[in-house]
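Asker: Read top to bottom, the protein sequences are chains A and B. Quick note on our numbering: the first sequence kicks off at 6 and runs consecutively. Quick note on our numbering: the second sequence kicks off at 6 and runs consecutively.
Keep in mind the hints are simulated off the structure, nothing from the lab. Heads up, the beta-carbon is just placed ideally off N, CA and C, and yes, glycines get one too. Don't take each hint at face value.
[Said to hold, decoys possible] Here are the simulated SDA-like cross-link-like pairs (lysine to any residue), alpha carbons at most 20 Å apart as the crow flies:
#, chain 1, residue 1, chain 2, residue 2
1, A, K49, A, D90
2, B, K291, B, V345
3, A, K297, B, K322
4, A, K322, B, F89
5, A, K143, B, L353
6, B, K352, B, D293
7, B, K291, B, L353
8, A, K143, B, L228
9, A, K297, A, E284
10, B, K322, A, R74
[Claimed, not checked] Label-pair ranges, simulated between beta-carbon atoms:
#, chain 1, residue 1, chain 2, residue 2, range
11, B, P198, A, K294, 44 to 52 Å
12, B, P147, A, S168, 52 to 60 Å
13, B, K196, A, E195, 28 to 36 Å
14, B, K330, A, S344, 29 to 37 Å
[To be verified] To give an idea of the chain A side of the interface with chain B (calculated C-beta under 10 Å), a few residues:
#, residue
15, N108
16, L149
17, S255
2 protein chains.
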Amino acid sequence: MISRRNSKPVHIGGVTVGGDAPIVVQSMTKTDTRDVRATVRQIKELEECGCELVRLAVPDDEAAQALARIKQGVSLPIIADIHFDHRLALQSLEAGVDGLRLNPGNIADPEKIKQVAMAAKERHVPIRIGVNAGSMPKTADPNLGLADNMVNAALKEIGLLESVDFDLIKVSLKAFDVPATIEAYRSLAEKIPYPLHIGITEAGPPRTGIIRSAVGIGALLWLGIGDTIRVSLTAHPGEEVIAGYEILKSLNLRQHGPVLVSCPTCGRTEVDVVRLVGEVEEQLVKIDKPLKVAVMGCVVNGPGEARDADVGIACGKGKGVLFKKGEKVGVVDEKDLLSVLMREVEKL
Amino acid sequence: MISRRNSKPVHIGGVTVGGDAPIVVQSMTKTDTRDVRATVRQIKELEECGCELVRLAVPDDEAAQALARIKQGVSLPIIADIHFDHRLALQSLEAGVDGLRLNPGNIADPEKIKQVAMAAKERHVPIRIGVNAGSMPKTADPNLGLADNMVNAALKEIGLLESVDFDLIKVSLKAFDVPATIEAYRSLAEKIPYPLHIGITEAGPPRTGIIRSAVGIGALLWLGIGDTIRVSLTAHPGEEVIAGYEILKSLNLRQHGPVLVSCPTCGRTEVDVVRLVGEVEEQLVKIDKPLKVAVMGCVVNGPGEARDADVGIACGKGKGVLFKKGEKVGVVDEKDLLSVLMREVEKL
């Protein structure tokens with residue numbers, strides 16, 4: 006039901022971003038990039054969570070030099086995150102990175118930006134123009150709002166890259182403010198053909214950052230905007246990837262393991278649904294297949310939701326009715342609900 | 006930046022839903038309604054979290070009879086959730102509830118529905134028509150999609166209520182499927198003047214349910230749709246209220262305590278930002294005022310975000326620059342960052 010904006014795909018290593026490609030989930034390492042071992046380990050952890058692209062901070066020469074060794078140790082495409090010093094971008098390209106991110110607020114000299122674009126072009130390496138509300142170019146117009154200034158910063162940098170015939174471009178326009186972020190992406194989406202990397206910047210720790218990111222990224226995706234997403238959380242980057250997939254799953258844009266439908270419980274509930282759902286959730290972590298599992302507390306919506314799932318239980322007093330692919334297949338005692346449900350899940 | 010749909014306000018106890026009123030956060034008790042003591046206690050817990058309306062399941066006569074005693078023990082307006090038996094709605098009205106919820110899928114007889122509406126009208130008690138994908142009326146058209154069937158179910162019930170001159174109406178159209186839910190609300194929003202209660206049903210346990218709810222409720226709110234929200238989670242209802250406020254805060258639609266801006270950290274970070282943010286988050290729980298606090302890891306976006314906050318820290322190597330209301334006010338050693346930051350927060 007969501008009609009995606011048509012964008013010109015780019016290829017980052019073996020991963021396509023834009024066009025008809027699935028919306029790519031990415032994250033960023035939080036290790037010291039100079040620590041090759043720790044960084045490679047974290048990239049592998051990210052890969053296990055389903056991360057498809059990974060970005061690394063490159064704050065100095067030593068970090069840039071580590072990239073070649075990191076690249077040898079991992080299979081995910083890696084993207085160098087560059088600020089302030091364009092030479093680090095050139096070094097990262099030499100090290101064999103699959104993508105670059107440049108922040109227009111932190112490298113201002115047009116000649117340096119063009120130099121990076123020409124080097125990236127030779128190697129067919131895409132560049133993300135990563136505009137961020139926390140580091141706007143000094144040329145931002147105080148009479149314009151944040152969204153317009155972010156869009157203008159992106160358009161200016163796009164012009165620089167296009168002036169050297171570089172078009173392997175992705176763009177992001179991230180702010181903490183969700184309505185401003187949505188406004189910026191909507192405006193830019195109509196002006197350029199390039200794929201968009203979407204996210205809410207500095208969204209905070211998981212408890213609040215996941216909600217802010219889900220609202221912002223979710224609204225954009227629902228509008229058809231966004232070819233790759235990054236959820237920014239003050240936490241292990243694996244949590245960013247897991248949250249990213251949940252956002253995509255909630256809009257039916259990607260599948261990634263099971264979906265768990267469960268009722269909030271209420272004064273009608275006559276079995277311990279909260280405990281049962283907790284146990285089911287824990288056991289579903291092991292399941293890769295995109296199944297829909299329902300655990301429902303009563304007869305109001307229970308049979309309807311359980312019937313709609315691949316495997317579902319609608320609980321009553323001390324027992325539950327088991328449904329499989331829309332058919333009622335039995336009545337199960339409360340104590341056996343978990344084991345019977347998981348047996349059916351594993352059969353599928 | 007969000008322009009809210011214009012709706013006809015209704016009053017539930019002292020709380021206005023719709024019109025220009027702030028978007029109301031509500032939840033539902035998960036205790037046995039017949040257990041007056043436990044239910045009153047949970048309603049008070051909900052009130053402490055900021056809950057503004059609370060709904061209670063009324064599955065039988067005993068639960069309906071408990072309502073009068075519950076009502077005496079609490080100050081929040083209470084709403085009786087009715088399915089299957091319209092007499093429970095009549096009893097709930099007699100018990101003095103502030104609102105009713107009727108599910109068109111579970112009470113089909115038009116005469117019974119009208120009877121409830123007439124009794125509610127006498128007492129000026131609003132009725133929410135709560136359509137739910139898990140309990141659709143048997144008259145749903147298999148040739149139509151879920152969204153259209155939900156809208157039609159609501160319109161039919163609205164017609165019944167209006168036929169007895171009852172217009173204290175709110176409507177909800179909840180499904181687990183987010184795009185279908187958004188589609189249904191968008192369609193109905195154009196057809197009726199009544200306020201809308203929005204939510205994603207059976208969204209699951211917090212880890213995934215919060216994301217699904219934030220995406221669905223967030224997109225609707227961003228579209229200007231929604232006068233009251235309920236986040237459905239398989240968890241303590243207080244978590245629903247907290248998540249509800251975070252959704253509203255992320256769209257600048259309500260204030261509710263502090264907002265914490267923090268960076269995800271990366272290979273540039275030279276202080277333990279994850280730990281610091283965790284500690285700050287824990288201490289901010291005690292603060293009621295809607296402050297914006299920023300804890301940032303490096304010089305890329307740190308100064309920009311810290312300057313934009315009421316109190317902010319932009320960390321560097323082993324220390325942080327403290328900002329207050331946009332002004333740099335000092336440099337603080339890493340070990341003192343938490344105490345200095347919280348002192349400034351408490352001053353405000």
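Asker: Tell me, in ascending order, the numbers of any earlier hints that this structure violates.
Answerer: 1, 3, 5, 8, 10, 14 and 16
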